[in-house]
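Protein sequences appear in the order of chains A and B.
Each residue of the first sequence is one higher than the last, beginning at 1 in our numbering.
Each residue of the second sequence is one higher than the last, beginning at 1 in our numbering.
Hints listed in this document are in silico derivations from the structure and should not be mistaken for laboratory results.
Ideal Cβ placement from N, Cα and C applies to all residues, glycine included.
Heads up, a few of these hints could be off.
To be verified - Restricting the straight-line Cα-Cα distance to at most 27 Å, the calculated cross-link-like pairs of lysine-lysine (DSSO-like) are:
hint, chain 1, residue 1, chain 2, residue 2
1, B, 116, A, 204
2, A, 147, A, 124
3, A, 132, A, 147
4, A, 85, A, 204
5, A, 281, A, 345
6, A, 85, A, 132
7, B, 116, A, 163
8, B, 77, A, 163
9, A, 204, A, 234
Stated by the list, open to error - Restraint ranges, calculated between C-beta atoms of paired labels, are given here:
hint, chain 1, residue 1, chain 2, residue 2, range
10, B, 42, A, 250, 41 to 49 Å
11, B, 42, A, 222, 44 to 52 Å
12, B, 77, A, 176, 31 to 39 Å
13, B, 42, A, 228, 30 to 38 Å
14, B, 133, A, 312, 38 to 46 Å
15, B, 133, A, 200, 38 to 46 Å
16, B, 42, A, 258, 17 to 25 Å
17, A, 137, B, 77, 54 to 62 Å
18, A, 186, B, 133, 44 to 52 Å
19, A, 37, B, 77, 53 to 61 Å
Unchecked claim - Some chain B residues flagged as far from chain A (calculated, every beta-carbon gap over 12 Å):
hint, residue
20, 21
21, 24
22, 35
23, 81
24, 112
25, 118
26, 120
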Amino acid sequence: MTEQLRILVVDDEPGMRTGIERTLRRFSVTLPDIEGEVAFELQAVDSGEAALAQIEASGPDILLLDHKLPGMSGLDVLHELAESKRDILTIMITAYASLDTAITATRRGAYDFLAKPFTPEELKAAVRKAAKHLLLQRQARRLAEEKRQVRFQFISVLGHELKAPLAAVEGYLNILRDRSVGDNPAVYQQAVERSLVRLQGMRKLILDLLDLTRIESGNRRRDLANLDVCEVAKNAIETLIPEATAKRVAVELATPGPVPMRADRGDLEMILNNLVSNAVKYNREGGQVRVTVEGQDETVRIAVADTGIGMSAQEAAQLFREFSRIKNPQTRSILGSGLGLSIVKKVAALYGGDVQVQSEPGVGSTFRVTLHPAELGGEAARAAAPPAPPAS
Amino acid sequence: MQTGATTRTILVVDDDPDFLAQQQMQLEAAHFKVLAAPGVQEARHLLEECQPDLAVLDLMMEDADGGFALSYHLRKKYPGVPIIMVTAVTSQTGLDFTPSGPEQKSWVKADVILPKPVRFEQLKREIDRLLARKP
């Protein structure tokens with residue numbers, strides 16, 4: 001990706017202007033950090049007044065500004081620019097290294113200095129540094145904006161996801177209050193039951209949201225302990241027995257022996273509860289769920305296989321995104337927050353691991369999580385760190 | 001109970017199972033026969049088999065404009081069947097889809113657009129009005 005930056009040269013000496021132009025015309029800068037290359041487009045004017053007009057007209061990115069100019073001085077130009085809050089990086093050209101000028105110019109927002117006389121190499125070095133600074137700064141800004149957009153979108157979808165169950169319960173309450181659907185008590189009973197189901201779904205959404213926040217805040221102290229992953233899996237299976245029984249789904253832990261792992265219990269519970277719960281929810285009547293745990297060479301592997309509805313490769317690709325729920329006639333009546341797998345993926349990442357899915361429509365899905373307990377912290381610290389500040 | 005001859009059939013399409021159930025309960029209590037479809041596909045199947053007297057469609061179904069597509073299909077298949085479009089679009093996006101002139105109404109293929117949440121009395125009033133227009 002080649003980016004074009006505009007440089008405006010402001011100097012009253014014609015020789016200086018042509019010299020700078022000649023030096024920079026075919027000059028380009030490669031920035032490996034952001035995989036970018038920068039080329040330059042040059043313009044030149046001979047006074048501060050002309051500079052301001054040119055800035056207004058063409059909005060340059062970098063200003064090579066002579067300090068000593070016939071009318072308004074370079075410092076005056078800087079002052080005007082500071083007032084207008086433009087996104088311009090200024091390199092001051094001073095006749096001799098004067099400390100006073102340097103201090104004043106810095107106060108007024110100059111980025112760098114170039115003392116006359118300078119060699120073409122010195123000029124290129126200053127421009128290279130300025131270009132790098134400018135692009136990194138813009139990239140950081142872009143990332144911050146993207147992050148803000150993602151947050152915004154998340155909140156707006158969340159709002160909708162919370163509103164839907166509220167509206168459903170409200171509707172049922174109105175029916176119950178007005179006794180508006182006839183005399184059949186079974187219908188009113190259905191209204192109560194469905195309200196409870198929707199409230200339960202809402203509670204699950206809020207709990208998942210809290211889990212997600214807890215993972216993403218990154219700075220939570222993890223209670224690391226030597227755990228047996230099989231025991232955590234056993235507990236997860238036990239909590240889901242009512243749901244499994246209702247669907248006549250047999251859940252089996254296929255690994256008898258202990259698989260030790262140093263981890264936070266809450267983290268492992270989030271992974272196992274979500275995967276086993278999905279395996280039951282998206283299963284068929286009378287289906288099976290098989291949970292296997294394996295520990296080898298600092299790596300713990302958890303697999304949860306079901307005999308459920310499965311999904312297409314296209315659907316699987318969408319799976320780990322927040323609020324991504326596969327909508328089709330088979331999943332329509334299954335309630336879910338749309339956050340479970342996104343949580344599993346994030347927790348796995350905390351342990352330097354990942355989650356993968358293998359699925360066949362109508363046959364079933366297998367979710368495999370890999371965890372590297374020794375890597376805990378590295379990924380967490382990186383995920384929680386703010387975007388790198390622009391290097392100066 | 002009204003006699004079979006005067007029982008009108010209403011197609012209700014909504015992807016929220018409870019909104020669908022609530023409409024069905026209330027419409028049945030008001031002596032309508034209800035065809036309830038939880039999605040566009042199911043609605044299309046139902047339409048293959050019979051012609052409703054009126055349709056209540058949710059605008060935003062699984063693929064965002066599913067309601068629009070369905071109303072277009074319905075209008076083409078049974079031109080005389082009135083359509084009530086129920087939508088959460090306004091409250092969700094701030095966009096106003098209320099048709100302001102006959103020109104726009106023909107574009108959205110609905111006779112009435114009601115913003116969610118819809119009170120049943122309001123829906124009932126519109127249904128009665130649209131059915132009374134029909135021979």
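Going down the list of hints, with the structure as the test:
1. 116/B <-> 204/A: 24 Å, holds
2. 147/A <-> 124/A: 34 Å, violated
3. 132/A <-> 147/A: 22 Å, holds
4. 85/A <-> 204/A: 48 Å, violated
5. 281/A <-> 345/A: 19 Å, holds
6. 85/A <-> 132/A: 20 Å, holds
7. 116/B <-> 163/A: Within the cut-off at roughly 11 Å; holds.
8. 77/B <-> 163/A: 34 Å, violated
9. 204/A <-> 234/A: Between residue 204/A and residue 234/A the Cα gap is close to 21 Å, so the pair holds against 27 Å.
10. 42/B <-> 250/A: 41 to 49 Å: Between residue 42/B and residue 250/A, where Cβ atoms are some 31 Å apart, the hint is violated.
11. 42/B <-> 222/A: 44 to 52 Å: 47 Å, holds
12. 77/B <-> 176/A: 31 to 39 Å: Between residue 77/B and residue 176/A, where Cβ atoms are some 37 Å apart, the hint holds.
13. 42/B <-> 228/A: 30 to 38 Å: Check failed, 47 Å falls outside 30 to 38 Å.
14. 133/B <-> 312/A: 38 to 46 Å: Given range 38 to 46 Å: holds, Cβ gap about 45 Å.
15. 133/B <-> 200/A: 38 to 46 Å: 43 Å, holds
16. 42/B <-> 258/A: 17 to 25 Å: 49 Å, violated
17. 137/A <-> 77/B: 54 to 62 Å: 59 Å, holds
18. 186/A <-> 133/B: 44 to 52 Å: 35 Å, violated
19. 37/A <-> 77/B: 53 to 61 Å: Distance hint for residue 37/A, residue 77/B holds at roughly 58 Å.
20. 21: 7 Å, violated
21. 24: Residue 24/B not clear of chain A: closest Cβ-Cβ about 9 Å, inside 12 Å.
22. 35: For residue 35/B, whose nearest Cβ neighbour in chain A is about 16 Å away, the distance exceeds 12 Å, so it holds.
23. 81: Since the minimum Cβ distance to chain A is about 24 Å, residue 81/B lies beyond 12 Å and the statement holds.
24. 112: 20 Å, holds
25. 118: 9 Å, violated
26. 120: About 7 Å separates residue 120/B from the closest Cβ of chain A, which leaves it inside 12 Å; violated.
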